[in-house]
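Colleague: So the chains spell out like this:
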Amino acid sequence: MAPRKTSKKAMKTKQSSRKSPLSKSRSTSEPDWGSIKTADEYNDRVLEGVDDEEVDSDIDCFDSEDELMYGSLFTSRGGDSDDDEGDSDDSDASDDSDDEDEEEEEDMLDMLAALDKKTNSHRKEEATSHATLKPSEFSSTTTTASEKLTMDSLLNPLASTSSNFASIRSSMQSLDSTKTTHALQSTVVTDRASRKLAYEASSKDVSNWMETVKANREAETLDFRPKNRAKVTTNSLVNKFTPDNDFERQIQEALEGAGASDERKMVEAEEALAAGNVKGGGGDDDDADFDDDLGSNTNLTLEEFKKRHGQLAKMRSLLFYEERKRHQINKIKSKKYRKIRKKQNEREAGKEMELLRSSDPELARELDEQEATKRMKERMTLAHKNTSKWARQQLRRGNIDTDTRKALSKQVAIGDKLRAKQMGEGGGEDDGDSSGEEGEDEDERLKRKAREVLEGVEGDDERDERENHKSGLFKLAFMQKGIETQREKAKREAMELLEELERGEGGGDEGGEDYDDEEDEEEEEEEEEEGEKRKGERTTIVGEGIEIDLDDDDDDDENIDKNDSDENDDAGKKVAGSMKRKAAEPKDGGFDIASNPWMGDGKADKKGKKKKGKKEVDGSIVDLDKGISMIVGDDSDSVDMTAQGHGSDSDSDGGDEGGKRGLEKLSQSELVERAFAAPADMEDEFKKEKQAMIEKDDPSRKAAEDDNVQGWGSWTGAGVRKPKKRKKLSKKLEAPKVKKAKRADDKLPTVIINEKRMKKMSKFKVASVPYPFTSAEQYERSMAGPVGADWQTTQTVINMTRPEILKKAGRIINPIGKMAKKKNDKRKARF
Amino acid sequence: MKIKALSRNVEKHTRETSGDIKVVSRNLDPKYKPMERAREYTRAVQAAKLQKVFAKPFVAALEGHMDAVSCSAASRGHLCPFMSGGVDGEVRVWDLASRKAVWSCKTAHSGWVKGVCIGSDGGSFFTAGLDKTVKQWKLGVGEIGGREEKKGKKKGKVKGKRYEDDDSEGESSEEEEEEEEEQRGMKSTSSAEAPSLGYGNNSNMAPAPTPINSWLFDNAFKSMDHHWKEEFFATASDESVEVWSEHRSNPIQSYKLWGNDSCNVVRYNPAERGLLAHCSSDRGIGLHDTRGGTGLKKTVLRMRSNCLEWNPMEPMNFVVGNEDHNCYSFDMRKLDQPTMIHKGHVGAVLSIGWSSTGREFVSGSYDRSIRIFQSRAGTSRDCYYTKRMQRVFCVNYTADARFVISGSDDTNLRIWKAKSNDKIGQTKIREEKSMNYKNKLLKKFSHMPEIRNIVKQNNLPKFIKKQNNMKMVQKEGAKRKEGNVIKHSKKGSVEWSKEREKTVVRKMD
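Each protein sequence line maps, in turn, to chains S and A. The numbering of the first sequence is full-length UniProt numbering, which starts it at 1 and goes up by one. The numbering of the second sequence is full-length UniProt numbering, which starts it at 1 and goes up by one.
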């Protein structure tokens, strides 16, 4: 407290020299004690609302210390005038009012105090001058220059008055050491300094709002709606309800009459009823609410009750037993058990049916009909499963004629299709079912399938042969060869599979093995025979094919000519041979189908392909490769006709080499490249187009044209002298050459970029990135995504379209509140 | 075979009463509603056009003054009372709900009424005039003319007392009143009826109203403002800025700093309540702190500032309206240059009023128009004018930030909507949603050329347009000249000057 006190004193002394406008005006009305009182009051005002406690304490200490000395002054002030009352009121008011500003003000006060401290030493002389006249630091009197002032002379009188001034004296002693005093600085300078400090302080103070202000600025929405609005609940509605019309009043009365309005009554009534219920029939019978399983509301004797209870218990236990049983049965997974069970069920059903027939023939007939229709439906649906009796018989017989096989394979095909569909929809649950139905082992099934393949292959051959006779193109040797190799491969695999399976079974099933062996031998024999047969056929066919081919070809192909000169038969044989070789080493010829980018679908229209094929006979290698791939990847009955080109080509290359090269050496990328290679003239066309575009858009072109207009500005007609040649302007006067404009596609030889401004598009283009955004991406992101209810959920739309300021009509918005001002704590703003 | 059929829960889709909301199932998959951006763009264009179609900002004119309206003030705690002072010394109190003058005093001052403001308790208001007096008047309008009419309409609800009540009370009644106001706005009843005036002017026989208090001073007052919470008010006079207590006959503080300025405006800060700012005739803007009793800083602009208002939501910021047709936003901590220059007027800006949201302000100008600026935008959002409106001397926002009131040389006060296409009256929820969506779209696509052009398009009176063109020419000329100077001087010695840096001439501590 000590330093504060000294500073205060200094301030007070300061007032005498520094004339505030306030004190000036006051002094006119109260000349007697104005100098003292205004100074005091000014101090209070300076501190007004700043630090009330501080001020109060200051006043107190002043009183205690100096009342003795200035008591008379204070008493005289007490009942002086109206103005004085106003003064005191004011100071009181100010004390009361600015409670809130205490803290902020403290800083400023400190600063002001510090300022005064600075100037303290300068005013020391003046301060001391008062003391000489009277032991008071408040009275302003002048001192004569002749008297030499010393600290002792000032302090000595104090010593006699009271011991309370000991502290002041001690502090004064420290000042005694400073010897020189400086002249007073002008008020202009000091005031400016104080203003500067005050400005800094209030700037700093006002910055405390910044956090809230910034948050408000950045907020997407400012909500000025009232915060604590009462929510309407059912309870509040019920409590506030007052009947308005007669109807409501009647209901209200009725309810009150029944005591329903009184909640306590209700509760009591309920309790009473509950008690009656516990007694077991003692209560009123009318109340249906308390009816339960045991029928407590009926009047039962004890015996009856016990009996009924026993029955119910038995029923319950039986139900439970049944449930457990069912549960157990459901858990059994054995197929044998199921089979037995099924048989049993069937038998039982049969018996029941018999009974029914005798007892109720009509119902039985109905049931029979139902059964029949069900069966029909099943047959309809099961037609594709090859599990019908007929199908099984045919399969068991083994030696199947082509028609039957066709029908069977059709059924299988349909089945496969359906299964695929089911797999696509409902997962693979059907597989297990079918296997379960057939009751076959996995091995058996595989074996059967392999056998089917073997049989099928033979059958297919026969059928194909028939078809080949029909279509001329199948007569070609290489075609035949291709088909042959594929078929053989499939057969071999099937054989291997069968062998493997049988080996796996071992000697356990000798009969089966025997049968299989026999069959195998037979098959092999058959194959050999057929192969020979086919060979013979093929040679002839090949000869024919080439002939036709060459006939079609009018082109002057050297190799073909040479081929022509050769013996047809020889050539055919040669091809056949090569193809045979190929078949012997299938890995060479049969490249991976899956990796082939032009894997044909094999269902192309034959006629269309035929024409295409003819055209492409002399075409590029690409087409040939395609043809090959088609053959390899195809089923027997549909082969791309472009393949014939390959035949001729491989021939012309002098054997199989070219074809092989096409298959083996070309990488995937090369193949793709070839496929999409544009013809050479297209490139030229593109270049021309680009050049035309460049010239059209070039601004320098126009300038050049304008310059070279012939005869411009000269006379024409007979006898007119030839116009003078235009003077060439000096370089300085020449118009600046229009530079050739840079184009975006200058360095992109394969691209044309149209740089013309599109008028229609300009409507939707922004010239530059708009202000708050810093990059085009940012702006784009802000534009992305629709806002409307057509694309967004309701809540999202509400969130996205919330207005910037939410306010309620007629609601007054007050200025930002004190709570929003934060020093350092991060409380939430309230407004 | 499984068949998946469309099924609908009947219970879910059956309404119990006709008032129930219909359950609507929507598929939000964008593939069913393609081209979303194109569609929304079209909607935005439509919204922009509709905005212009519905832009009808003028609500009503308050007639009654016999001379130009020189100053006005809206009540801070209530929506309805509105005070205005005329050049002839007349003071009127208006009820905005009924749009009638409910009180008036023809001889409130002898000479211009230069300042009017509401007291901190809302029960009285103050006027200051060139006749060197400040007068305090009672704001009790309940028992007179206009209010009585209302009573009849509103089931005998007594509202007269309300203005003397504390701020916190009577919120619901305010809302009701606002609704009433809206209804009237919808009906657009003419406000040309003869105002039923207060007890002062009902008849010639009645005595003129007497002020509660009056203060006499040595100098003429140019402006006054009341503290927002306490019983102090500040006046600007020819020589100084004075702070008065309501209970003292002499000013309690007087700021006569930086030489003898003739002050023309003084304003209390609404939030940081000890702060005071004034504009003086020597082109200066000065800040004071009444708590420390010191001045803080003064900055001098190129031309005189006619008006000053503190931002109610950002205590450090204020805007001044300048004689050079511009408004300048200042941060009191950085007085060396404005934070924003608001351009658009072609005459001196005479008055400014902040929206209570702190987001925008309105300015009235000598060019017979008022403009609404967003707090951080250089150009105005909207410009209002009518054929008959003359120089605008005062503008105010209502406390709910919905309406703007301007007082002008043609003796009229005018009520405008703060947002020109705002719907007055109750909006349905769907309507509101639709408006929100439209506004959002407008904001989203605001940079597209087509929409920008529609929004920006604003028909202006010939005078303003001509002036604008002239200003443009002048501006271009000045720019060209500066460019030439730069071109013909040593490289780097002269640089383009920045507009904001040119604004402030000097600062003084």
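Among the hints, erroneous ones may be present.
Keeping only pairs whose Cα atoms sit at most 25 Å apart, straight-line, the calculated SDA-like set for lysine to any residue is [what the hints assert, rightly or not]:
#, chain 1, residue 1, chain 2, residue 2
1, A, 443, S, 809
2, A, 438, S, 798
3, A, 334, A, 67
4, S, 196, A, 501
5, A, 465, A, 455
6, A, 334, S, 216
7, S, 756, A, 448
8, A, 419, A, 329
9, S, 336, S, 323
10, A, 423, S, 794
11, S, 204, A, 419
12, S, 214, S, 802
13, S, 339, S, 360
14, S, 822, A, 448
15, A, 423, S, 223
16, S, 196, A, 503
17, S, 227, A, 252
One side of the interface only, derived from the structure: several residues of chain S facing chain A at Cβ under 10 Å [what the hints assert, rightly or not]:
#, residue
18, 206
19, 212
20, 249
21, 811
Simulated from the structure, these hints should not be mistaken for laboratory data. Note that the Cβ used here is the ideal one computed from N, Cα and C, for glycine as well.
Colleague: Hint by hint, note whether the structure agrees.
Modeller: Hints versus structure:
no., hint, result
1, A:443 <-> S:809, "holds (23 Å)"
2, A:438 <-> S:798, "holds (12 Å)"
3, A:334 <-> A:67, "violated (40 Å)"
4, S:196 <-> A:501, "holds (22 Å)"
5, A:465 <-> A:455, "holds (18 Å)"
6, A:334 <-> S:216, "holds (21 Å)"
7, S:756 <-> A:448, "holds (21 Å)"
8, A:419 <-> A:329, "holds (22 Å)"
9, S:336 <-> S:323, "holds (23 Å)"
10, A:423 <-> S:794, "holds (24 Å)"
11, S:204 <-> A:419, "violated (36 Å)"
12, S:214 <-> S:802, "holds (20 Å)"
13, S:339 <-> S:360, "violated (30 Å)"
14, S:822 <-> A:448, "violated (41 Å)"
15, A:423 <-> S:223, "holds (20 Å)"
16, S:196 <-> A:503, "holds (22 Å)"
17, S:227 <-> A:252, "violated (39 Å)"
18, 206, "holds (5 Å)"
19, 212, "holds (9 Å)"
20, 249, "violated (23 Å)"
21, 811, "holds (6 Å)"
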